[in-house]
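Each chain is listed here by its residues.
Number of protein chains: 2
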Amino acid sequence: MKKIDMIVKAPHFFTMAGDGVGYQTGTAMLVNGGKIAGFADSARVDAEYAAEETLLLERHAVLPGFIDAHMHTGLAIARGLAQDTNNWMMYGLQPFDNVIGQSARDAGSRLAIVEAVRAGTTTLGDYEHQMDEVCAFIKKIGARGHVTQLIREAKRRVYDPGELYEYDPAMGETAFNRCLALYDRWHGEADGRIRILFGPQGADFLSLELLLKIQKAAKERKTKIHMHVQQGDRETYQIEKRYGKRPIAWLSDAGYLDDTLIAVHLTDANDDEAAVVARSGAGMIVCPGSIGIIDGVVPPSTAFQDAGGNCGLGSDQAPGNNCHNIISEMKSVALFNKIKYKNPETMPAWRALRMATIEGARAIGLSESIGSLEEGKRADFIAVDLKKPTMLPVYTAPMRNIVPNLVYSARGDEVALSAVDGRVIYRDGRVLAVDEETVIGDLENFVPDIGRDATEEFWRIHGTNAEFMEKGRL
Amino acid sequence: MKKIDMIVKAPHFFTMAGDGVGYQTGTAMLVNGGKIAGFADSARVDAEYAAEETLLLERHAVLPGFIDAHMHTGLAIARGLAQDTNNWMMYGLQPFDNVIGQSARDAGSRLAIVEAVRAGTTTLGDYEHQMDEVCAFIKKIGARGHVTQLIREAKRRVYDPGELYEYDPAMGETAFNRCLALYDRWHGEADGRIRILFGPQGADFLSLELLLKIQKAAKERKTKIHMHVQQGDRETYQIEKRYGKRPIAWLSDAGYLDDTLIAVHLTDANDDEAAVVARSGAGMIVCPGSIGIIDGVVPPSTAFQDAGGNCGLGSDQAPGNNCHNIISEMKSVALFNKIKYKNPETMPAWRALRMATIEGARAIGLSESIGSLEEGKRADFIAVDLKKPTMLPVYTAPMRNIVPNLVYSARGDEVALSAVDGRVIYRDGRVLAVDEETVIGDLENFVPDIGRDATEEFWRIHGTNAEFMEKGRL
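If you're matching them up, the sequences are chains A and B in order.
Going by the working numbering, the first residue of the first sequence is number 1, and it counts up by one from there.
Going by the working numbering, the first residue of the second sequence is number 1, and it counts up by one from there.
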């Protein structure tokens, strides 16, 4: 009898090994030291292995935990306050963003992280200005954090239409140094579950000099740059006016497109530009729900993939999406691309599931350790309850229908259990290490002040949502 | 003290009265004799009214129950067996549809209806060949049924490409008579909660003679015709070849476009054709998820609305959608149209919510009795739990964010309670009148036989999903 930490018994494993979904049945998964130790014949596993713990998941399918590769969790404090409007930043978010303090953002992060974990996310690609509290919370609940701190050099002020951003090198330097300090404090913490990435906000928000300095620092530390790339016509305008090139061409000439880069959005990139990024070895993250709501655009993720690139999924932020639920993003990326190409065979369910797991892991440089259930990888997995109405009935012959139903039918509450590094962090509706009522209560404390402080600018700017309030439409 | 049946206390009511969302606060809803008796000041209601029952919904928003205006619930027995393929009918559904008997379809219906109710649907627009068991189940659980029995005259056989369907008048007559008999048995049953509509399958599947006979019978009975209209290039081809006109032009000339008609899909209709239907007074139902998956198309529902028509939402069927969750359809109709028109202001959340409630009720001719919470209407309502992470935080000033979060963030499990005719039918995860385990068990009994019986044709036809099985992608 070999001693191991855990045996995971389930009738269906979607390991995501190989180029499909790596289906296995009649096996049990072995976990030891936080890693997957392999699979054993389920009929013999109890005779061959003595486990500290056995997870009996008799009505479940087991899969790798989902990767939400791009999130601004702090903005969950402003969920639902910005959508259905042109110029989302100005007419939607600004009146609120201006008055939300750091502790409110941290409370928002805790809610969004709980929300994401409840729907099967185990790796959180969070991205904001001040990430210490997020790191601490991810450590506390036992999840995996792929955390980026934002670096920006352009002064925060109102710019006239057509005006170039004004850089403040001292501000940029400070942000960069704060990112380095966060890296030193957190990278590799929580048994390696926390990794810190460098987050230049976008090509238009930093000088070339600072961008290259960040790149050098990231490469020296063997970490990644996580950057918004060609995320809108605003960025395209700024880069064209400043340098005479479109953003991706300029980044390419600057030597910024390579496998250190994780490129987010590509909202304003055409298919050829997406292919340029893909061929450079950079990863891509697409945020279908967010960009759909904010811009009415389907970014060129399939062109990126067709050029050989790996693309993950992100939920972005709650004002303008408005949720952190990777199952929703899987359905959206599949449907939006079917619609974009007028072809129901575009982006099938299994491909969307790969984006949420192994392809996402490759896109962000973590495929050596997560994204599939294979021997030697970290034991990050979820169990989906197949007795929920949305997953029923279950067929195994002549075809299996579990993956299409997970992608197109599941709501999120089918996820019954999540584990990271072989440790169960979520079960039966509860994130185990936190009291959800406390998370909610903390969040709600900030609401009256934010509402009051935003009121004057909300009515002064008088965006779409102000009009909706006046007309009784909210 | 006035005696009434029920007081519903909640901090937020979205009544959907007027042209917005009809928001009320500081009121309580009065229910008597299955109807809404009005609203009272929440501070004085207990002094003024003595109620048999008080629903205390202190953390909830109360709205009209959702209307799922077009469903084929029986096909839930085949959930997830047909998607991601061209020629959905042939390459996806056919191998399974051919071998599913009526009792299996009835079991599928029970599951789909439970699934829909769990996500807030109170009115079920179900549509199939044999609807007695569906009517009985809807009656049993206390929901509202807007039930259509299908009438078809075209022989069921394989047609060569380009071949016109062959009509079998005796078969059409039998189906029509069975529909009349269903009407006599069920219309007005369950205290009027069940209504029976006439369901010619589509303009291409019936002769003009039978279509007009059905129309006459529907008008005499003051019920509706619920018909697939210009639902694909197959229909367009058949009608053009037979009559030399496109389907909507032909139906218009035949006098079929009027307020007796509920026109579903319009997949292959252009904006002008949609406007023709709208101006005729016919209602429309759009099924965004289903048509997105099956065809990669966004039907012209906004053009229909712009021409003054009322359009409701439908979940269609589980093989090819794959869920019965109107919240998912609200998000899809909003996002798909933003993408179609490259405009984030297209189809805001409140408009999608109106489609699921009052506009849907108008589209199907039930707005005198349901779709909004107004005095004199039936007391069909749902309570949404605002303490779920997806609905948090809740702002009321300077703007309310509840509607955008319900449409864009909610998963379905936020619906904590549903009532129809003032009677609670769903609460805290349970459809009260049935044992969900029994519903699931009944369904699962049919799975082995269907899988076995479909196997030969599944592999012979060898569609996309057969290929996916061979390649380990399912």
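Just so you know, the hints here were simulated from the structure itself, not pulled from any lab data.
Take these hints with a grain of salt, some might be off.
Heads up, the list lumps identical chains together, so a pair's fine if it works in one copy or across two of them.
No more than 27 angstroms apart at the CA atoms, straight line, and that leaves these computed lysine-lysine pairs for DSS-like [claimed, not checked]: (1) LYS340 / LYS471; (2) LYS342 / LYS245; (3) LYS155 / LYS2; (4) LYS139 / LYS387; (5) LYS155 / LYS3; (6) LYS139 / LYS35; (7) LYS219 / LYS340; (8) LYS340 / LYS241; (9) LYS387 / LYS3; (10) LYS342 / LYS155.
Model, not experiment: these values are computed from the prediction.
For which of the previously enumerated hints does the structure constitute a violation, in increasing order of number?
Of the numbered hints, 3, 5, 7, 8, 9 and 10 do not hold.
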